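J.: With the sequences and hints as input, model every part of the structure.
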Amino acid sequence: MNLNSSFGISASGLTAQRLRMDVISSNIANAETTRASVVDGKAVPYRRKMVVLSPNESDFANMLQAQMGGEDSSARGVKVTEIQDDSTPFKPVYNPNHPDADADGYVYMPNVDLTKEMVDLISASHSYNANVTALNASKAMVMKALEIGR
Numbered sequence: 001m002n003l004n005s006s007f008g009i010s011a012s013g014l015t016a017q018r019l020r021m022d023v024i025s026s027n028i029a030n031a032e033t034t035r036a037s038v039v040d041g042k043a044v045p046y047r048r049k050m051v052v053l054s055p056n057e058s059d060f061a062n063m064l065q066a067q068m069g070g071e072d073s074s075a076r077g078v079k080v081t082e083i084q085d086d087s088t089p090f091k092p093v094y095n096p097n098h099p100d101a102d103a104d105g106y107v108y109m110p111n112v113d114l115t116k117e118m119v120d121l122i123s124a125s126h127s128y129n130a131n132v133t134a135l136n137a138s139k140a141m142v143m144k145a146l147e148i149g150r
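First residue of the sequence shown: 1, per our numbering; consecutive thereafter.
Treat the hints as calculated values from the structure; they're not laboratory data. All figures in this text were calculated on a predicted structure; none of them were measured in a lab. Treat the hints with caution; some may be incorrect.
Derived DMTMM-like pairs (lysine to aspartate or glutamate); straight-line CA-CA distance at most 20 Å [as the list claims (entries may be wrong)]:
1. K49 <-> D86
2. K91 <-> E32
3. K116 <-> E32
T.: Rendered as structure tokens:
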């Protein structure tokens, strides 16, 4: 593996984790949004979104063979496959005075769990920091190689 591919791997990880943090931030910001859209005259709450990541290299066996043979397969790192909606049901809360309450007095709240979002945010932040550390290590190796070449 050359250093350029390590920069690319770290860059793809940084981009993916940044998008993940953005989506989590959106979920937290909309945790109380009871009217994200209106369908058939009924308010539909905000639905939690999740980022789906997948490896750029789809087949581990092919990547292993390429590395063992000394070939350089440049398709590495991670990519965002999709941003999907969470299918968890909405939380009914009894509040008959709310403008979005149904006939029984229930308001359906978004399926956003702040505890889960904070755990995901910490995980994304740690992954982002790990990619920064790997990028800095690669950069330090390049700088040392340049010093040796003087």
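J.: Hints first: check each against the structure and report whether it holds.
T.: Comparing the hints with the structure gives:
Our distance criterion of 20 Å between C-alpha atoms is met by K49 and D86, whose separation comes to about 6 Å. With a CA separation close to 11 Å, the supplied pair K91 and E32 stays within the 20 Å bound. For the proposed pair K116 and E32, the alpha carbon gap of about 15 Å is at most 20 Å, so the pair holds.
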